[in-house]
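Undergrad: Residue numbers (this note's numbering), protein chains in the order written: chain A, 1 to 341; chain B, 1001 to 1279; chain C, 2001 to 2287.
Simulated from the structure, these hints should not be mistaken for laboratory data.
Where a beta carbon is used, it is the ideal one built from N, C-alpha and C, also for glycine.
Among the clues, some could well be false.
Heads up, simulated SDA-like pairs for lysine to any residue below, C-alpha to C-alpha not over 25 Å straight-line [to be verified]:
| no. | chain 1 | residue 1 | chain 2 | residue 2 |
| --- | --- | --- | --- | --- |
| 1 | C | K2015 | A | R152 |
| 2 | A | K25 | B | P1108 |
| 3 | B | K1025 | A | G160 |
| 4 | A | K146 | B | K1271 |
Rough simulated footprint, nothing fancy, chain A against chain C, three-plus residues with beta-carbon under 8 Å [said to hold, decoys possible]:
| no. | region |
| --- | --- |
| 5 | 2173–2179 |
| 6 | 2182–2188 |
| 7 | 2194–2202 |
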Amino acid sequence: MSSKPLVEAISIKKYYEVEHPRTGKNAFLKAVDDVSIGIKQTETYGLVGESGSGKTTLGRILALLEKPTSGKLIYDGFDLSSTNKSLDYRRIRREIQIVFQDPYSSLHPRKKIVDIVGEPLLIHEKLTREQIENEVAKILEIVGLKQEHMYRYPHEFSGGQRQRIALARALILKPRFLVLDEPTSALDVSVQARILNLLKDIKDRTHITYFFISHNIAVIDYMSDRIGVMYLGKIVEEASRDNLIYRPLHPYTKYLLMSVPIPDPEKARAPDRKKLRLKGEIPSPIDPPNGCRFVTRCPFATDKCMREEPVLEETNGRRVACHYWEKIEKEFPIELSWREF
Amino acid sequence: MTCLEDILKVNNLTVSYRTLRGKVKAVENVSFNLGKGKILAVVGETGSGKTTVGLAILRILPPNAVIEKGEIWFNGKNILDLDEDAMRRIRGKEISIIFQEPKITLNPVLKIGEQIAEVPIEHLGLDKKEAYRLARMMLERTGVPDPDRVMNSYPHELSGGMAQRVVISIAMILRPKLLVADEPTSALDVSVQAQVLDLIQELVRETGTSVIFITHDLSLAAEIADEILVMYYGKVVEYGDVFEVFKSPKHPYTRALLNAIPRIGFRGRLKSLEEMINE
Amino acid sequence: MKTNKIITMLIKNEKLIELWRHPNGKIGIIISVVLVLMAVFAPLISPYDPNYPDTANRLAPPSIKHLLGTDQLGRDILSRIIWGSRISLSIAFLAVFVTSVIGLVVGLVSGYYGGKIDTLLMRITDIFMAFPRLVLALAFASALGPGIYNVIIAISIVYWSFYARLIRGVVLQIRNELYIQAAKAVGASDVRIMFRHILPMVTAPLLVQATLDIGGTILLASGLGFLGIGVQPPTPEWGVMVSEGRRFITHEWWVSTFPGLFILIATLGFNLLGDALRDVLDVKLKR
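Extracted from the complex, chain A is given alone in its bound form (with noise of 0.2 Å):
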């Protein structure tokens, strides 16, 4: 595995400009605030993070799907923001992937499953009728379904079989990208296992490359090998699954962690969780606050985080954005093991 990484974001901006709600002037929607990460090849990234992160608009921005407003994209060593089109982008657009969160309407309700699986090839590819049949026959029974199935249209499939559709669809191209944005949020839970396990069974046999974005940790932790976690546009912490999850340094993510519900009524009611309960929500992203976009949760902030943004910075190949982590770690250490899940 090279240390290269396959995708780099450098400096994402996506701003929107809308209508401030309140004051009805001209304001600025930060979904996606300076971020600048790094995507290992074949590892599995898992992206965390609550409603108004910004955790889609960063995915679709990785999956080519939207332009950003500002910084780089660089996807194996080509960077994506030059006007060298054409031929490389042709040849990108397929190595990258997406499969979408909604199963319902991701796919095209008037086109059978051989058509909607089989048009990456078709425009990539000067395939017979004939092979891309074949392909497809392929690709489903990869993602578990039948090679009759493909005559069928979508509304004859339930909810998990169209995620698989629409993942056959990803896969079809081989892609060495694929962009996972709540893959299994609309699904059942047993539902859900066979897909997550279906993802994992496909990364062994292929050296495919995961960025998969969830806002359920419990999720993420059982699909990444490296986690990031977002808040209000921003990263505010990286580290790799087991560093993150046993050893949390910033407090949105050490609070986000006490604050998942354990399917265990003895852990789960254990006295001491209700202590560490986050206070507030997630404010809005159309002009967010100075300084650390945490500080109206955090029960940690002073006065130097209401002014200054804190930097994400690197210590022992993890980051974090925090004024005080150390000060934190030292005085307010929550340690965590697997036995307190």
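For chain A, the structure is supplied; the task is to place chains B and C on it using the hints.
TA: Positioned in the frame of chain A, the structure of chains B and C alone reads:
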């Protein structure tokens, strides 16, 4: 689990829906009891019928629903026998319901204050001033910051968490004996969900209200429920004390669900239903 | 044998069955099918040559010999009406077809790309839609001169903007749907997305509107003919026939009334069909 302190007894409830494809059974022979001040989690996936149970208790099923048989005993009466007038007196006062999407539950063109105050005005005949005072108190109690501003706001101006607190205020302002909560936190962020769950537990302790907590998420049942009822395609497959059910689930479906939930720190492989059946 | 195949396919088609069951649909189908057959088989079913002046029997009332009577030149009215259906229907179908195509392209491009193109195109449609349809059709038909093709052009000019707007509306609704984004993600070009992904979703409302407009176009064309613009006598266009029979309305009422009746039936038939289509297809859309 029947005892004198039960405020709700459901016996053999069976509900079907009339659809273009004929009658579909949504709920079949569901029975359970609910004690005073207790929280019962009704857990099931899509199509389990859990929402239908909640709607049946409030008698707000859609028009194509048919209650085939069963009794729902509340306050010494079978509420399935009551007429609409009697039910209207019960809803909001003795039994309340809250839903998943607060912004849809609330009326978008009325201010919050008016919507909360409406409840005591309707049921207790309070005058406007008193009702508004009570509403404001309730908002404060549910932890809404700046209650005066919220009283004067419209639903679309509120965040998800705040809107849900408003909905809870409306449901609890008259201290009902029973609260049916249908996926009340599914649309909320994790951090806000935790706050709302705490709030519900506090209110239960304070007012002695019993709660039927409908959810697809077993973890939420682990967090707050006293008893748990697991439903699968309309039938009850497991019913018991929450600690016992989690420790030794009797029904294979319950076991499958428990094995399929991702939990932080779990380093094995999640087992889906199919994988379990194959074994 | 091909006809048999088509007929069997039609009979088995779900939507057609639903359309038939629809109260308006039944009437609409019957009327439109009869009219189309009338137009197609005119040479076979017309009892007389429409232009043959039976001078001995001018202004004859309806009888067994001339079922709907004769006009002032002795021409059989029924025959003229049958041949006239060819004219009315061809004007209607051609005009609606041309309008649909123009409106479709404009609507797709406008709705999909948005921005300046959209603004420009929509301002143009605004201009055309600002005029009452009949007035605009009159203006263009007069300017273009007599003749059936000029009528078709004039009507197309009047109607295209409504279609552009309609299609654009649907495109706006759909273009942000996830399956369109998915097509983009897979590398589909704009043209491909417009014609392979969006177009199939647009055909239903387009078909409904087109059917309704066939009725409206028949009326419009008749109106123009009545005013003496576009199709000229001796062509047996229904509106022209009504106009010619105006002088005789008090005593020889059949000369104007029967063509007028057919205008009514035709317009009504296609309107009812379009109405029923809307109900039948809408349900499908919702599902």
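Undergrad: Now tell me if each hint is right for this structure.
TA: Cross-check of the supplied hints:
1. C:K2015 with A:R152: Measuring from Cα to Cα gives roughly 18 Å; hence the hint holds.
2. A:K25 with B:P1108: 23 Å, holds
3. B:K1025 with A:G160: 23 Å, holds
4. A:K146 with B:K1271: Status holds; Cα separation ~22 Å.
5. 2173–2179: holds (count 3)
6. 2182–2188: holds (count 7)
7. 2194–2202: This one holds; 3 residues, not fewer than the three required, reach chain A with a Cβ under 8 Å.
Of the numbered hints given earlier, the model fails none.
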